[in-house]
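Please model the complete structure; the sequences and the hints are all you need to start from.
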Amino acid sequence: MLELKDLYGGYGKITILNGVSFKIPKATITTVIGPNGAGKSTVFKAIFGLLNIHSGQILLEGRDVTGQKPRDMIGHGVTYVPQGRNVVPQLSVYHNLELGGITADDQDRVKQRIEVVMDQFPMLRQFRDRKAIELSGGQQKQLEVARALLLDPKLILIDEPSIGLSPNLVQEVFRTLQRLRDEGVTILMVEQNAKAALAMSDFGLVLELGQTRMHDRADTLLNDPKVGQLFLGGHMEETD
Amino acid sequence: MEQFLQVLLSGLATGSIYALAAIGFTLVWQAAQTVNFAQGEFVMLPAFFVLIAMNSGLPLPLALIVALAVSVFVLGFLFKKAIVEPMQKHGNGGGLSLIIATMALAIFLKESVKEFYGAEAQPYPPLISGGTWNIGGAIVSVTDIAHLAISLGVVVGLTLFLNRTRTGRAMQATAQNPAVAEILGVDTNRMVLYTFLINAALASLASFLITPVYLAKFSNGEYLGLIAFIAAIVGGFNQIRGALAGGLLIGVLDNITATYITAEYRAAIPLVLLIGIILFRPQGLLGTSEGRTV
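So the sequence lines, in the order shown, correspond to chains A and B. Under full-length UniProt numbering, the residue at position 199 of the first sequence is numbered 199, and the numbers go up by one with no gaps. Under full-length UniProt numbering, the residue at position 24 of the second sequence is numbered 24, and the numbers go up by one with no gaps.
These are calculated hints, taken from the structure and not from any lab test. A couple of the hints might just be wrong.
[Claimed, not checked] Okay, derived cross-link-like pairs now, DSS-like style, lysine-lysine, Cα gap no bigger than 25 Å in a straight line:
#, chain 1, residue 1, chain 2, residue 2
1, A, K131, A, K23
2, B, K114, A, K69
3, A, K226, A, K23
4, A, K5, A, K26
5, A, K69, B, K89
6, A, K23, A, K111
7, B, K89, A, K13
8, A, K5, A, K154
9, A, K154, A, K26
What follows is the structure, given as structure tokens:
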């Protein structure tokens with residue numbers, strides 16, 4: 001589904017990715033873990049065309065998409081949910097959802113899809129005319145996830161979905177991601193709560209210093225004492 | 001009472017024209033995070049395009065259309081491509097260097113008009129030359145009413161465009177959260193360009209309406225730019241309705257002062273208002289404070 005081949009890149013002349021390579025299969029969930037500054041979020045930006053790529057390749061379903069712009073990536077069925085708050089504050093919930101389909105030619109279809117995602121997230125229907133800024137942090141995150149689903153993506157890049165959410169909502173977001181996976185969507189996720197994220201993932205990927213250190217089945221990584229000691233225990237801060 | 005109505009209406013009419021320029025200020029601020037200190041000159045210049053077009057034999061309506069097109073191209077498209085974009089490429093999104101560049105542009109435009117057109121005030125044809133109406137004893141100028149109607153109509157139209165069309169909402173998204181707009185696939189560069197074109201069109205309209213009052217003069221921008229800037233700040237800088245309120249308020253206060261107190265101090269009124277607002281309500285009359293986080 002998605003393959004990165006020896007990717008180097010960064011902001012301007014600063015290199016953050018020092019040869020990242022991995023391959024993730026279709027309809028799976030892969031969680032990226034690693035210490036602060038390992039380049040976890042940067043990998044997502046690189047895939048989504050928000051970064052200067054110095055060398056290497058990004059292949060999506062076998063097609064070379066290296067260096068393409070966000071608009072093009074959306075056209076290929078990729079969406080990106082960055083960490084933090086990512087709503088348009090003064091627009092209504094409905095119009096935020098609509099923006100998720102701004103690139104589509106068929107706006108009637110977008111209207112239908114808005115109804116479908118509002119069925120999946122009933123809270124959004126309840127507050128559809130409210131300004132996005134008036135939602136709570138958890139509600140805003142749900143809005144972002146719903147908006148990312150608007151164009152029926154094939155691949156979702158989701159960065160720290162659990163930040164600021166209550167444990168219940170985290171489980172709800174995770175369940176949503178698993179359901180999407182079962183429907184055939186591929187998910188690549190960075191998550192501070194690495195243990196919980198690996199527990200619901202198919203694969204895990206350890207990044208360190210901008211390189212792939214380990215890539216294995218999620219349960220294998222969970223049970224690996226070295227991974228546990230370095231990345232899953234103690235007071236690790238996983239914000240990148 | 002009759003006189004007060006006349007003063008009020010005439011103030012609102014002038015104020016609505018100030019508001020057009022002030023709204024342009026806020027739009028450019030939102031889209032490019034820069035204060036365009038050449039905004040006054042953007043209002044001064046289109047009137048000269050009209051005069052040039054008329055001198056080459058065009059009738060007024062056609063001259064207005066040509067001037068509008070040239071203004072939108074020069075003050076919208078060229079301004080963005082030749083000044084704003086190159087400055088923004090120099091780190092931190094333009095910042096102070098861009099603001100200084102707009103100041104330099106203001107001087108350049110002003111001095112160019114002086115050089116090529118002369119320092120004398122030029123007579124300028126009024127857009128609407130009506131008589132007066134008697135409304136309940138108050139004698140009101142048809143020109144004032146028309147100015148008010150045109151300006152408010154344009155503001156309402158602009159607001160509808162921004163809120164009711166997908167392009168308008170994409171422009172709002174670009175202004176409010178450019179990073180998010182980009183990851184959703186909004187063509188942010190194009191949306192910012194639209195904003196600059198709209199600003200140039202608003203400045204042109206203000207120019208066409210206000211110049212018959214002031215006559216066409218190279219230095220008109222100094223006062224108009226200051227008034228528009230103050231109107232935008234008074235209203236709350238980041239909102240269209242704030243800029244509208246600020247413009248109307250300054251127009252009315254200016255007229256009331258001139259009529260009932262003294263015309264000598266009218267120029268001081270916007271400045272006093274500005275100081276008062278900064279001291280007591282820095283977010284502006286209708287504004288909300290802009291949260292900035294690192």
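Now for the hints, and whether the structure bears them out:
1. The straight-line distance between the Cα atoms of K131 of chain A and K23 of chain A is roughly 40 Å, outside the 25 Å bound, and the hint therefore fails.
2. Restraint check for K114 of chain B and K69 of chain A: the C-alpha separation of about 46 Å exceeds 25 Å, so the hint is violated.
3. Restraint check for K226 of chain A and K23 of chain A: the C-alpha separation of about 23 Å stays at or below 25 Å, so the hint holds.
4. Using a Cα cut-off of 25 Å, the hinted pair K5 of chain A and K26 of chain A holds, with the two alpha carbons roughly 17 Å apart.
5. Annotation: proposed proximity of K69 of chain A to K89 of chain B holds, straight-line Cα distance about 19 Å (limit 25 Å).
6. The suggested pairing of K23 of chain A with K111 of chain A is violated, with an alpha-carbon distance near 34 Å, which exceeds 25 Å.
7. For the given pair, K89 of chain B sits about 15 Å from K13 of chain A by alpha-carbon distance, which is consistent with the 25 Å threshold.
8. With a C-alpha separation of about 20 Å, the suggested pairing of K5 of chain A with K154 of chain A holds against the 25 Å cut-off.
9. Distance check on the hinted pair: K154 of chain A and K26 of chain A sit about 9 Å apart at the alpha-carbon level, within 25 Å; holds.
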